[in-house]
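Peer 1: In order, the protein sequence lines correspond to chains S, G and B.
Mapping the first sequence onto this note's numbering, position 424 (from 1) lands on 409, and the numbers just tick up by one.
Numbers given in this note's numbering equal positions in the second sequence, counted from 1, plus 176.
Numbers given in this note's numbering equal positions in the third sequence, counted from 1, plus 8.
Be aware that one or more of the hints could be misleading.
Claimed, not checked - Below 20 angstroms or equal to it, Euclidean Cα-Cα: the simulated EDC-like pairs (lysine to aspartate or glutamate) are: (1) G:253 x S:397; (2) G:249 x S:310; (3) G:249 x S:397; (4) B:270 x G:231; (5) G:253 x S:298; (6) G:253 x B:87; (7) S:306 x B:305; (8) G:253 x S:116; (9) B:270 x S:397; (10) G:236 x B:125; (11) G:253 x S:305; (12) B:33 x S:394; (13) G:253 x S:310; (14) B:33 x S:397; (15) S:365 x B:74; (16) B:270 x S:310.
Simulated from the structure, these hints should not be mistaken for lab results.
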Amino acid sequence: MRPPVIFLFLLVPLFLLAEGTTKNTCLDCHSVLDGRAQRPALLVKNDVHTASGLSCSDCHGGDRTSDDPGGSMNPAKGFIGKPARKAIPKLCARCHSNPDFMRKFRPQQRVDQYELYQTSIHGKRLASGDENVATCIDCHSVHDIRAVKDPAAPVYPLRLPETCAHCHSDRQKMAKYGIPTNQFDEYRNSVHWNALKIRGDLSAPNCASCHGNHGAKPPQVESVAAVCGNCHVLFAQLYQKSVHEPIFSAASGGGGCIVCHSNHGIRQPTTAMLDGPKAVCSQCHDPGTPGANVAAQMAKWIDGLDSALKHSESVLARADKYGMEVSEAQVRLGDGRENLVKARLALHSFEPEQMKKPIEAGMAIANETLRASQDALHEKDVRRMGLAVSVIFIGITILAIWVLIRRIESNDAYRSGANAPAPK
Amino acid sequence: MKASDTGPDTHLDQDRRSVLSWLLGGGIAASLGSFFYPVIRFMNPPHISEVAVDEVSGGKLNDLKANSGKIVKFGNKPVVLVRVSETEWKAFSAVCTHLNCTVQYQGSTRLIWCACHNGMYDLTGRVVSGPPPKPLEEYAVRVRGDEVIISRRA
Amino acid sequence: MRAKAANWLGERIDLNAVRELIEHKTVPVHSATRWYYFGGITLFLFAIQVITGILLMLYYRPTVSEAFESVRFIMTRVEFGWLIRSIHSWSANLLIFVAFVHMFSVVFTHAYRPPRELTWLTGIVLLGLMLFFGFSGYLLPWNQISYFATKVGTDVAASAPLIGPAIARFLRGGEDVGAPTLTRFFAFHVIILPLATMALIALHILLVQQNGMSTPPWLTASSVRQMRFFPNFFLRELMVWYCALAVLGALAAIFPWELGEKADSFASAPAGIRPEWYFLAQFYTLKLIPSHVWVFEGEILGILGFGLLAAFWVVLPFWGVDRAGAARARLVTGVGVLLASYLATFTVLGYVK
């Protein structure tokens, strides 16, 4: 009976100590308040900072251990209430720009976000007194701030475009800055969105991949090729050496890649871009001029190889359906497609000679596989011939048996043997 | 049978009978031939030795120098075999995960490289740079005698 | 010369029984004679299965890593391999169809009547063996569809009350469909089932010989004209066999049996997974039964229902023996029509849906 009581006494100071460090009177009150005052208390459960042991007073100041609202929210104890918009970046930077502090929680995380933010359009405008621009909380949310790799975070790659679009697609908000609001709509029709959202490829570019995140601003005309070249390395290399590079760079109103491919709404390139009424080349090269002729030639090459490969593929598929052995030719066809990819790449040198090699190699493969598939189809016909011959033999035999039966039974009718009584 | 029975009818009958037996015998022989010809051909082992697609030979041990690689046909897919050092071997699917081009080993950078869009993979198959969305599938390599054997990973 | 050879053989083997059979076996000639051919076609198709099956075994390898590859090897590299495998697959399906026709012809001509109850029983067991042949053979190419069909099929078995889980474990050779399942399905398909089937076929045919051909009850046996079995009936049967061969050859050459994709236990089940057509009626019925009927689980109810139905069907020769012949025949015909139309309708529905 005695020992438990003694233990209770021992536990009391421990309990008090524990309460001293984890007590959070902010939550105690705010979680039972109504409406807007309750929201933070509900959201903060999912916040990455809560998980690291931080709490309300670490941002808002005040004394979270005081049960008296006058004490807990006392400006004398550092309580700042709702931080002013203009003060937010600095508030976050207190910790996030402090390497010694961040090391305790996320030793690998960068600490230059605030510095970068100050170079961004958002940061510069905020500094000049425009409070409508994005601050930390507009992208990362507030009270339920999640890690970037958390799929529910508004800055998770799959969700980032919508987060930016929240403001940048809002015509009213953008009106006074005179910038377009169609970027997100265009982006949603692009190959990049398709790769990101439809195929779920997280490495596909979202807004931040080209514009930067904390230091977000448009890449300037001269650096567009470098931005695209981050991923499209070989294209950029060829383009940099091409005749178009100095001309496009010098041209006003856009540079490099976007002259042909546009910026936000980049579509799957087709040969219609080279030749025909919608050709981008015809912006500068009038039909009939040498430049337009070269473009037309390139389009013809690519279309020719593409359709030759597709034709081989369809004939191969037909042979395959008949159960013919064509796996070798199908592998070869893969090499052919590789040459088509290389030809499309070589196009960005804008020199026909560079394209010739992959085109010719690809055409040779297309012809070779076409022959193989035609041979396979011929073999199928041989099989059917074999079947026909066999069926003819079977037919002759059946006919002969039938005649034999007729013969035997006409004899039976004569003799009317004991085993075959005549019908009544 | 009496002699008087041997009229033109009987002659005709005998003719018919011989035609019939010829037809029947020939038909059966020919049709049996058409059944057994494929059977005999089927039993004849094919010239192309069986493709063991769970395992292929990557060639002789000394065909490949250290820090070099080559493409080996694995069933109907290419595999890139890399001799990392004298004793260490690696093999990966050589089909780039971006647009299915065939990748190659680059000794100078010690990376697997795709010539189409400059995709780079390290020697664990992971994407180092460029557009590939997924790592390369790795294959198991072992040395048997002086032969290098590539097999699918269990 | 021929007589001499027969003599020589006759001195060593007693051929009298055979000679007796050849000389005296007769087949009744009436409006339903054509149904007599179906037993013979079934037997012929089974012989084709044995021959093509043995041929396929020259190249087939019953392991998870090689099964699919070896079937592809047969289909693409072995000369006429496509033909042998396609005939084996087509003939299997035709065989089961013909066996069903044979069974229903026995029902509608009332050939199960005494003293032929044992012939009926052996026939039903043979049909069950054929279905099991189909089920086990379907898995052997180890492709995606067969893998999942086997999964579903053994799952259905597992949901049977009491013994279900044990049966499923026995069939799979473990908890799940995998390498042990392939090994044991191979053993079922090429050793156990063929031995059992051949023994039963021998018994089935022996019973047919001993009891003679059945004449439908609406005819008086003594007044029915008879045809000699040999050569008259046999030659006709031979014509039918030749026709069957031509059909098989044409099916194999024009519609080679598909190979599909290699099974991958980690892949998600392909859309529209369904069993072979001869299990479709049951499959579709199980799909229609609500998941809970009163306190019972729907699937268990369905399986119990099939079990009862099968048991009922097996003892068909013993139904209402106390009733008058005509009334009894009407009862059996009625039930037979019901069952046949159920199977036909639900197979078609299962195929269409």
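Peer 1: Is residue 33 of chain B close enough to residue 394 of chain S, meaning Cα to Cα at most 20 angstroms?
Peer 2: Judged against 20 angstroms, a Cα distance of about 16 angstroms means the pair holds.
Peer 1: Take a quick look at whether residue 249 of chain G and residue 397 of chain S sit within 20 angstroms of each other, Cα to Cα.
Peer 2: 70 angstroms, violated
Peer 1: Checking one constraint from the list: CA of residue 249 of chain G to CA of residue 310 of chain S, max 20 angstroms. Satisfied?
Peer 2: Holds - the C-alpha atoms of residue 310 of chain S and residue 249 of chain G are around 17 angstroms apart, at most 20 angstroms.
Peer 1: Does residue 236 of chain G pair with residue 125 of chain B here, judged by a C-alpha cut-off of 20 angstroms?
Peer 2: 69 angstroms, violated
Peer 1: Measure nothing beyond the straight line between the CA atoms of residue 270 of chain B and residue 397 of chain S; if it is 20 angstroms or shorter, mark the hint as holding.
Peer 2: 59 angstroms, violated
Peer 1: Check the hint pairing residue 253 of chain G with residue 116 of chain S against an upper bound of 20 angstroms on the C-alpha distance.
Peer 2: Given that 20 angstroms is the threshold and the Cα spacing comes to 58 angstroms, the pair is violated.
Peer 1: Are the Cα positions of residue 365 of chain S and residue 74 of chain B separated by 20 angstroms at most?
Peer 2: 27 angstroms, violated
Peer 1: Taken at face value, is the distance from the CA of residue 231 of chain G to the CA of residue 270 of chain B at most 20 angstroms?
Peer 2: Holds. Residue 270 of chain B to residue 231 of chain G sits at ~16 angstroms (cutoff 20 angstroms).
Peer 1: Within a Cα-Cα threshold of 20 angstroms, do residue 253 of chain G and residue 298 of chain S meet the stated pairing?
Peer 2: 17 angstroms, holds
Peer 1: Are the Cα positions of residue 33 of chain B and residue 397 of chain S separated by 20 angstroms at most?
Peer 2: It holds: about 16 angstroms lies between the C-alpha atoms, which stays within 20 angstroms.
Peer 1: Hinted pair, alpha-carbon criterion (20 angstroms max): residue 253 of chain G, residue 305 of chain S. Please report holds or violated.
Peer 2: Holds, at roughly 17 angstroms.
Peer 1: Holds or violated: residue 270 of chain B and residue 310 of chain S, Cα atoms, limit 20 angstroms.
Peer 2: Measuring from Cα to Cα gives roughly 17 angstroms; hence the hint holds.
In summary, the numbered hints that this structure violates are 1, 3, 6, 7, 8, 9, 10, 15.
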